[in-house]
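*Asks:* Residue numbers (numbering that gives the first Met the number 0), protein chains in the order written: chain A, 0 to 262; chain B, 0 to 304.
Please note: incorrect hints may appear among the correct ones.
Claimed, not checked - Below, in silico cross-link-like pairs of lysine to any residue (SDA-like), each with a Cα-Cα straight-line distance of 25 Å or less:
1. Lys13(A) - Lys126(A)
2. Lys207(B) - Asp218(B)
3. Lys13(A) - Gly15(B)
4. Lys163(A) - Asp211(A)
5. Lys126(A) - Gly15(B)
6. Lys207(B) - Asp100(B)
7. Lys13(A) - Gly11(B)
8. Lys113(A) - Glu259(B)
9. Lys113(A) - Phe10(B)
10. Lys113(A) - Asp218(B)
11. Lys19(A) - Arg64(A)
12. Lys13(A) - Leu14(B)
13. Lys126(A) - Ala16(B)
14. Lys11(A) - Ala22(A)
15. Lys126(A) - Leu162(A)
16. Lys126(A) - Glu259(B)
17. Lys113(A) - Val122(B)
18. Lys19(A) - Pro1(A)
19. Lys113(A) - Pro12(B)
20. Lys113(A) - Gly17(B)
21. Lys13(A) - Asp100(B)
22. Lys126(A) - Lys113(A)
23. Lys113(A) - Arg203(B)
24. Lys13(A) - Gly140(A)
Bear in mind the hints are in silico, worked out from the structure with no lab data behind them.
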Amino acid sequence: MPFYVSPEQVMKDKADYARKRIAGIRSGVVIAFEGGILFVAPNPSRALRKFSEIYDRIAFAAVGRYNEFENLRKAGVRYADLTGFSYDRQDVTARGVANYYAQVLGAIFTDSQKPYEVEIVVAEVGKTQDDDEIYRITFDGSVADERNFVVMGGQADQVAAVLKDQYRDGMTLAEAFAVAIGALSSSVKGDGEAGGGRSEIAATQLEVALLDRGRPHRLFRRLTGARLEALLSGALPGKKETGAIADATTEPGEGAESAESTD
Amino acid sequence: MGADSYGRGAFGPFLGAGTSSFTDFLATAAPELMPGTAGAATAVTPADGAAPGSFARGLTHGTTIVAAACDGGVVMAGDRRATAGNMIAQRHLDKVFRSDDFSAIGISGVAGTGIELARLFQVELEHYEKLEGHALSLDGKANRLASMVRGNIGAAMQGLVVVPLFCGYDEDAGFGRIFSYDVAGGRYEEHRFYAIGSGSVFARGSLKKLYRDGMSADDTALACMQALYDAADDDSATGGPDVSRRIYPVVATITADGYERLTDEQAGAYAQTVIEGRLTDPDGPPAPLHQAGTPNGGRNALPSG
Chain A
0 MPFYVSPEQV MKDKADYARK RIAGIRSGVV IAFEGGILFV APNPSRALRK FSEIYDRIAF
60 AAVGRYNEFE NLRKAGVRYA DLTGFSYDRQ DVTARGVANY YAQVLGAIFT DSQKPYEVEI
120 VVAEVGKTQD DDEIYRITFD GSVADERNFV VMGGQADQVA AVLKDQYRDG MTLAEAFAVA
180 IGALSSSVKG DGEAGGGRSE IAATQLEVAL LDRGRPHRLF RRLTGARLEA LLSGALPGKK
240 ETGAIADATT EPGEGAESAE STD
Chain B
0 MGADSYGRGA FGPFLGAGTS SFTDFLATAA PELMPGTAGA ATAVTPADGA APGSFARGLT
60 HGTTIVAAAC DGGVVMAGDR RATAGNMIAQ RHLDKVFRSD DFSAIGISGV AGTGIELARL
120 FQVELEHYEK LEGHALSLDG KANRLASMVR GNIGAAMQGL VVVPLFCGYD EDAGFGRIFS
180 YDVAGGRYEE HRFYAIGSGS VFARGSLKKL YRDGMSADDT ALACMQALYD AADDDSATGG
240 PDVSRRIYPV VATITADGYE RLTDEQAGAY AQTVIEGRLT DPDGPPAPLH QAGTPNGGRN
300 ALPSG
């Protein structure tokens, strides 16, 4: 007799597996502000990116297994460029990209042995903050239409609680950045599994990008080097005692010299 | 389904490591969208015994493009006329396109195929940049364009001939460079200046007399405007500045600050300067007959690295 496992059990096992793995991933924050949409996540690597450009006004953010979300990122760029080439640049929308990801992740969840251990966000800046669109797509292909901010990864509830408390409409870039850093630091305190025991945030340990409403054509850009140092020192005025944060604020010049410049 | 078939099927070409070239991806995912394939696949031979490719004569053709290196960059300019046989098909066609932040592509030949080629090339460069996280080198862009022109050879044999001119600011080298192509995809680096299209012979002759090494972007733009005026003077398919309609050649400069297309007012000002000069000197500014100063007038040196 062949070994039988009910579909319910298979789906439940896969979902439990994915949830458990994602719960162990450090959080990332996507937050809307007056001038666009800001992406902040701890990421010690300068080569393996969590945030990237999909199209003119659309960006991609992901946490989880790098090879899996990198695969999705490339698929999204291909989907967007093909749509834009077949029709017109304005016909590429975040909703279309999010739907595409829902289809892909849904198919992978159903058809393969192991679901993708990822959580992704597709964000598009509009003409005003009211027109911004943020979608969160999870490992099983479900899509959530979010407003103002979204948290990916483990401790999402904890980080989101801080964001919910501190978020307000029409924040500047510096204010939004400060709120995001505050929320992310709340999750790493004393959580060995998620934060790897680290409770500090230095500029070199952060990946920060933004969809800048004020730019023409392609709005995605990364914040690195001196600009990031300046933002970080502004965001953490009263926290000089907490390890690497103090280093970053007291020696901004040094860090800026060696850091990668904005591309 | 095994591990090998993650989401394949409908998503096949999209997922996986794949290629960073949009053209290669397009050839797999949507081959019908490749420029030139329609011409190559359906042999467009006229039924009435006319020569192959004769139908293409009735299609809209773009004409003259010039490019010249300037101090710290390069200038590209193109007239606005498109012809179909002996008719003027368009008075305000754009044939100079921004291909990315530091390069431009101008096209001459069958406009439909050329504009599609330029559009595909734009996506090609942006696609690579997004997938790889950094832009192609200028040589890489030039080579990529060569293979795309070569891909059009089937259509070119049917008469859908298109030849681009490519120029850009080389961020590594710190100066502007110009590349010309032939129908077979041959890629040739040009020094100082070059022109393509029906009026190119006259434009090149004009630039030969007007061009000086190390000219400012401003002077180079004026020299390109003079060259296009000379091309329009002797080639019926090249359009001169259209003062009554306020349609002027497209002029773009590419420097370390990136690609910038001059506004109609700015291009119009150069055109106005040329036109006013021609009112007294119809053949344009004369070059000195005897070379003064340096042995060769300081004009024949290749740009030094």
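*Asks:* Given the hint that Lys13(A) pairs with Asp100(B), does the C-alpha gap stay at or below 25 Å?
*Replies:* violated, 45 Å
*Asks:* With the threshold set at 25 Å, check whether the alpha-carbon distance from Lys126(A) to Glu259(B) stays at or below it.
*Replies:* Since the Cα atoms of Lys126(A) and Glu259(B) sit roughly 24 Å apart, the hinted pair holds (cutoff 25 Å).
*Asks:* Given the hint that Lys113(A) pairs with Asp218(B), does the C-alpha gap stay at or below 25 Å?
*Replies:* Violated: Lys113(A) and Asp218(B) sit about 64 Å apart, past 25 Å.
*Asks:* Taking 25 Å as the top limit, are the C-alpha atoms of Lys126(A) and Gly15(B) close enough?
*Replies:* With Cα atoms ~34 Å apart, Lys126(A) and Gly15(B) exceed 25 Å; violated.
*Asks:* Within a Cα-Cα threshold of 25 Å, do Lys207(B) and Asp100(B) meet the stated pairing?
*Replies:* violated, 29 Å
*Asks:* Tell me if the straight-line CA distance from Lys13(A) to Gly15(B) falls inside 25 Å.
*Replies:* holds, 22 Å
*Asks:* Taking only the CA atoms, is the gap from Lys207(B) to Asp218(B) under or equal to 25 Å?
*Replies:* The hint holds at about 14 Å.
*Asks:* Take a quick look at whether Lys13(A) and Lys126(A) sit within 25 Å of each other, Cα to Cα.
*Replies:* violated, 40 Å
*Asks:* Would the hint linking Lys113(A) and Arg203(B) be met if the CA-CA limit is 25 Å?
*Replies:* Violated, at about 63 Å.
*Asks:* For a C-alpha distance cap of 25 Å, please report whether Lys126(A) and Ala16(B) respect it.
*Replies:* The given pair, whose Cα atoms are some 35 Å apart, is violated under the 25 Å limit.
*Asks:* Within a Cα-Cα threshold of 25 Å, do Lys113(A) and Phe10(B) meet the stated pairing?
*Replies:* holds, 18 Å
*Asks:* Against the 25 Å threshold, does the CA-CA distance of Lys113(A) and Pro12(B) hold or violate the hint?
*Replies:* Given pair Lys113(A), Pro12(B) holds - Cα atoms ~21 Å apart, limit 25 Å.
Hint compliance for this structure: hints 1, 5, 6, 8, 10, 13, 17, 18, 21, 22 and 23 are broken, all remaining hints hold.
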